[in-house]
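Peer 1: Residue strings, one per chain:
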Amino acid sequence: MNPNDLQIAEIWVYLSGSPLFALILTLTAYQVGSFFYQKTDRNPLANPVAIAVILVAIALYLVDMPYQKYFEGAQFVHFLLGTATVSLAIPIYRGVAALKARVFPLLIALLCGGVVSIVSAVGVATFLGADSAIIGAFYPKSVTAPIAMGVAERLGVSPTLTAVFAVITGIIGAILGSHILNLLGMKQWWQRGFAIGVAAHGIGTSRAFAVHPEAGTYASLAMGLHGILGALLIPLLKNYI
Amino acid sequence: MISGLVQILLWQGLGELISHFFLPIIPGPVLGLVFLLIFLIIKGHVNPSLALVSDAFSQHLGVLFIPAAVGVILFLPQLKANAFAVISALLVSVVATIVVTAVVLRFISKKDSHESQ
Chain D
2 MNPNDLQIAE IWVYLSGSPL FALILTLTAY QVGSFFYQKT DRNPLANPVA IAVILVAIAL
62 YLVDMPYQKY FEGAQFVHFL LGTATVSLAI PIYRGVAALK ARVFPLLIAL LCGGVVSIVS
122 AVGVATFLGA DSAIIGAFYP KSVTAPIAMG VAERLGVSPT LTAVFAVITG IIGAILGSHI
182 LNLLGMKQWW QRGFAIGVAA HGIGTSRAFA VHPEAGTYAS LAMGLHGILG ALLIPLLKNY
242 I
Chain F
2 MISGLVQILL WQGLGELISH FFLPIIPGPV LGLVFLLIFL IIKGHVNPSL ALVSDAFSQH
62 LGVLFIPAAV GVILFLPQLK ANAFAVISAL LVSVVATIVV TAVVLRFISK KDSHESQ
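Going down the list, the sequences are from chains D and F.
At the far end of the first sequence sits residue 242, using the working numbering, and the numbering has no gaps.
At the far end of the second sequence sits residue 118, using the working numbering, and the numbering has no gaps.
This is chain F alone, in the form it adopts within the complex (with noise of 0.2 angstroms):
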């Protein structure tokens, strides 16, 4: 578990280090995230321990985006004059979203099939 926590740490730190001086527009967490896969594709496997922590932080990813969220309350009344533009737009653009991604993906892969048969 721990030396799971410290790996991930580690990999934070040098994202972190790589964002302040060389990426100042990627967070440095993303950048940590990109060398681990990178670094997990070339090892070939996960190790129990690094596996164990991810495993703890996926399953209560929610609880940790709460202290920043409850800021909405700072924005309630700027949220209440723009409520309708907010609502229609995360309606419209969920819709949007999935209704272009499921049709993109069902034209190419029918379009791979054919070519292969």
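So that you can see chain D by itself, here it is in the shape it has in the complex (with noise of 0.2 angstroms):
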């Protein structure tokens, strides 16, 4: 080996061995996911966190870097997940004005959807022999990732499989979301909004933002309620289905 190389594999050898190289990583594959998301004119299909996610998969494969080893660096940006998690009492708070005129109504719709969405993707992954660990990882899929993720170290099923469970719910709800609302003929916003919140958590949410200020409001609502009743409810639900 000549110096040169020599010098370059021992720099490599520093960066990759402290965090710098996973945050540097992590914040990148954002950005760039960001950028395309904004070019595409914020098309679900270009969901930044899917680019991210993708991107740095080919980095770590082409650096020969174990996932291990990139988690070590990047567990900081992991960190602020409960911290991100308790900050949403704001948006749930600002949104609560909303709530009180129609409390009754939303809160029964948000369990049946609740409800529907864990019994019929458990339902079907069960139906058509899917691995115990997938089909766990179903159960806090519809809520939002920070909440889910966590609901899922306690009930001791992967967070990772819900966090990507959670995305590519939110991508699929964010993209059929109004056919299917425009299918059933709903015309009021905020029940559109609701709905897709309910489903596809914060992916739906900044779509419906996207369509219409109402439908968005109510979407972050039907995302934060569905967080904190999925919390409480799903750890419940699973020891007794």
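Check the hints yourself; a few may be wrong.
To be verified - What follows is a list of derived Cβ distance ranges for each label pair:
id	chain 1	residue 1	chain 2	residue 2	range
1	D	A211	F	N48	22 to 32 angstroms
2	D	A102	F	A57	27 to 37 angstroms
3	F	F40	D	V14	42 to 52 angstroms
4	D	G18	F	L10	21 to 31 angstroms
5	F	I43	D	T127	35 to 45 angstroms
6	D	G18	F	N48	35 to 45 angstroms
7	F	F85	D	G157	21 to 31 angstroms
8	D	V120	F	L75	23 to 33 angstroms
9	F	E17	D	G130	31 to 41 angstroms
10	F	G45	D	K40	34 to 44 angstroms
11	D	K40	F	I88	18 to 28 angstroms
12	D	L28	F	N48	24 to 34 angstroms
FYI, nobody ran anything at the bench for these hints, they're computed from the structure.
Here a beta-carbon is modelled for each residue, glycine too, at the ideal position from N, C-alpha and C.
Mind docking these for me? Both chains are given alone in their own frames, and the hints should help you get the complex.
Peer 2: Shown next, in the form of structure tokens:
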């Protein structure tokens, strides 16, 4: 090996040994994802998280870095999930004014939607013979990802699979939501937004805001309430099904 | 900004403590969220530094679950083997959830508005 190569190898060993590499990789990938998301006029298929995950996975493969080592560095980002979860109280609080007038229909619809999201996913996956590790991750998947991952940890199912299923759920909901609601002949923006928020959490909410502000407000309220109720009720449901 | 972050971390800490000692089935941050929400409802307003931190988080919430989601590379063989079941379950679940939530909401609020008329 010539001295030049050795030097580069040493720099690489130094960089990959510190959290810096994982942090740069994570944030840059997200930046690229956000760029495409903006460029495609917020097309749900160009979801910045999905793009970032694929880019990071390819980068890790190229530099031959094991996932555990990447996570060691990226755990500083991961740690903030809990803090971000607590801060969801503020958008929920802002939506509470909208809730007051319609508390009864909204809560009943949320409970029905939440139960259906779990029973249908778990039912179909069980019927088609999926592994139990995968089925477990379906329980919290309709809840917003930061809360879903916390719930998954407590249930003893994989937070990773839960996060991936939650993101895919959000993307499907954001793509199909408007079409389904049109087929049903739903005309009220608040009802449309709330249904999207229950089914497709943050990604659906961002879509709902793009369509109509009232739909967005109710979607974000639905996402927050589903998060809280999900965290309280999913563990009970999973133990008794 | 810092004061908002401190407030949120304190609520998170309280949530983690209660979760650890009394309610291990509920994640600490979710309890922190509930406590902060109750606090805000009682207090009646959000202070600006808290709002600043929360807006920053909610704008870029997605970046925070990238590290865990990349772990999907460890599950690729398992997901491949179950690809059909996973995709069907997710599709059916999303469609069913939207339909049920929307129809229930429309049905109940129609009934409500008839009663009040």
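Peer 1: Look at each hint and say if it fits the structure.
Peer 2: Right, here's what the structure says about each hint:
1. Between A211 of chain D and N48 of chain F the beta carbons are some 29 angstroms apart, a value that agrees with the proposed interval 22 to 32 angstroms.
2. At about 30 angstroms, the beta-carbon gap between A102 of chain D and A57 of chain F stays in the expected band of 27 to 37 angstroms.
3. For F40 of chain F paired with V14 of chain D, a C-beta distance near 48 angstroms keeps the hint of 42 to 52 angstroms intact.
4. A hinted range of 21 to 31 angstroms for the beta carbons of G18 of chain D and L10 of chain F is consistent with their spacing of about 29 angstroms.
5. Taken as a hint, the range 35 to 45 angstroms holds for the pair I43 of chain F and T127 of chain D, whose Cβ atoms sit roughly 44 angstroms apart.
6. Between G18 of chain D and N48 of chain F the CB atoms are about 41 angstroms apart, so this pair conforms to the stated range of 35 to 45 angstroms.
7. Judged by the Cβ atoms, the range 21 to 31 angstroms given for F85 of chain F and G157 of chain D holds: they are separated by roughly 26 angstroms.
8. The hint said 23 to 33 angstroms for the Cβ distance between V120 of chain D and L75 of chain F, and at roughly 28 angstroms that hint holds.
9. With their beta carbons about 38 angstroms apart, E17 of chain F and G130 of chain D fall inside the hinted range of 31 to 41 angstroms.
10. At roughly 42 angstroms, the beta carbons of G45 of chain F and K40 of chain D sit within the given window of 34 to 44 angstroms.
11. Taking the beta carbon of each, K40 of chain D and I88 of chain F are about 27 angstroms apart, inside 18 to 28 angstroms as hinted.
12. Separated by about 29 angstroms at the C-beta atoms, L28 of chain D and N48 of chain F satisfy the suggested range of 24 to 34 angstroms.
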